[in-house]
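Chains as they are written, first to last, in the working numbering: chain A, 13 to 206; chain B, 13 to 206.
Hint data in this document are derived by calculation from the structure and do not stem from the laboratory. Just so we're clear, the structure is a prediction, and the values are computed from it rather than from any experiment. Any given hint could be a false lead.
Under the rule of at most 25 Å between Cα atoms (straight-line distance), these lysine to any residue pairs were calculated in the SDA-like manner [what the hints assert, rightly or not]: (1) B/K43 with A/I198; (2) A/K43 with A/F127; (3) A/K43 with B/V195.
There are 2 protein chains.
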Amino acid sequence: MRSPQPLRNGGDNSCSPSHPPRFHSTVAEHKLRRFNSLILVFRLTSFSFSLASSVFMLTNTRGSDSPHWYHYDTFRFVLAANAIVAVYSMFEMGASVWEISRGATLFPEVLQIWFDFGHDQVFAYLLLSASAAGTSMARTLREMDTCTASNVFCVQSDIAIALGYAAFLFLGFTSLLTGFRVVCFIIKGSRFHL
Amino acid sequence: MRSPQPLRNGGDNSCSPSHPPRFHSTVAEHKLRRFNSLILVFRLTSFSFSLASSVFMLTNTRGSDSPHWYHYDTFRFVLAANAIVAVYSMFEMGASVWEISRGATLFPEVLQIWFDFGHDQVFAYLLLSASAAGTSMARTLREMDTCTASNVFCVQSDIAIALGYAAFLFLGFTSLLTGFRVVCFIIKGSRFHL
Chain A
13 MRSPQPLRNG
23 GDNSCSPSHP
33 PRFHSTVAEH
43 KLRRFNSLIL
53 VFRLTSFSFS
63 LASSVFMLTN
73 TRGSDSPHWY
83 HYDTFRFVLA
93 ANAIVAVYSM
103 FEMGASVWEI
113 SRGATLFPEV
123 LQIWFDFGHD
133 QVFAYLLLSA
143 SAAGTSMART
153 LREMDTCTAS
163 NVFCVQSDIA
173 IALGYAAFLF
183 LGFTSLLTGF
193 RVVCFIIKGS
203 RFHL
Chain B
13 MRSPQPLRNG
23 GDNSCSPSHP
33 PRFHSTVAEH
43 KLRRFNSLIL
53 VFRLTSFSFS
63 LASSVFMLTN
73 TRGSDSPHWY
83 HYDTFRFVLA
93 ANAIVAVYSM
103 FEMGASVWEI
113 SRGATLFPEV
123 LQIWFDFGHD
133 QVFAYLLLSA
143 SAAGTSMART
153 LREMDTCTAS
163 NVFCVQSDIA
173 IALGYAAFLF
183 LGFTSLLTGF
193 RVVCFIIKGS
203 RFHL
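Here chain A stands alone, though its shape is the one from the complex (with noise of 0.2 Å):
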């Protein structure tokens, strides 16, 4: 499914209402170009920390006497939510890839615009909430016996926790572009106002 509305070119890549698009410009292309790849890098560098997140999680455990992540609803919580961006992240380099390949959004260009937008700051709350939950959990396993009785499992657990919030800041970082797109398509009717 394409978008409906073709792309827009003018004159250059601010989304100010006072200039109507005028004609089909390369630079105008690049920097469009330019825009979404920026966006994939902020993509691609939420999906790895999330991905690193959740298998760091996932891997926490190390025979029976040791403590194991899925005992602590917190750390499940910490699991989920990291998947659950690594999930969302995969699915929007896909739609990042394609757009910049085929000049179309995946979705209509409306719906696109706005699911990009309301997902990026929905899973940010989600991401930021467990990974502070996370901390909390992490922070009271070290005043009680568990991380003197097994260190590593804290310590993995911490690595996890801190993978969690640096995905967080680059959703974050994404969600302001998506944010800009959404303005953008407000003033123009096209996601990018070239």
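Once you've looked at the hints, dock chain B against the given chain A.
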């Protein structure tokens, strides 16, 4: 310090860029007042919840044999986040009342618009992460002996955290409205295109 830009008035309250300001309309002015009043109501609700949460957490201490909120880092974080949001909401309520009564923003318009939206976003993230961390800690306490020894302490902590979530919800609603004002400002150079 008043806004250097006077209010502009037109036919409707949408922020479509296609209709330039036309004439002064009492209906349009009434609509702007209603929009600002809605923001004020949300801020008041957010303030009430965050203040109540702070008070509930602050008074969660009874006798020397019972646990105290300040023994737990997470509960200190919950209290601090709610107190910050309460103070911020109180300040913003003052700014809203000023705007409704005088028809001009407290700071220069562009600063006020971005200040409101930026702080709403940041404090919403702060409050959610504090509440999520608090939830994690409250669940941990229930699994330990703390809650069997002093159930009232745990119940009161739960209430404080729940009030924090409510404050976050209304701060989120306010953030949507101030986000709408930012979009209107970008489009028309006025915080609300009447």
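Evaluation of the provided hints:
1. B/K43 with A/I198: holds (21 Å)
2. A/K43 with A/F127: holds (23 Å)
3. A/K43 with B/V195: This hinted pair holds, its Cα atoms lying about 23 Å apart.
Checked against the numbered hints above, the structure violates none of them.
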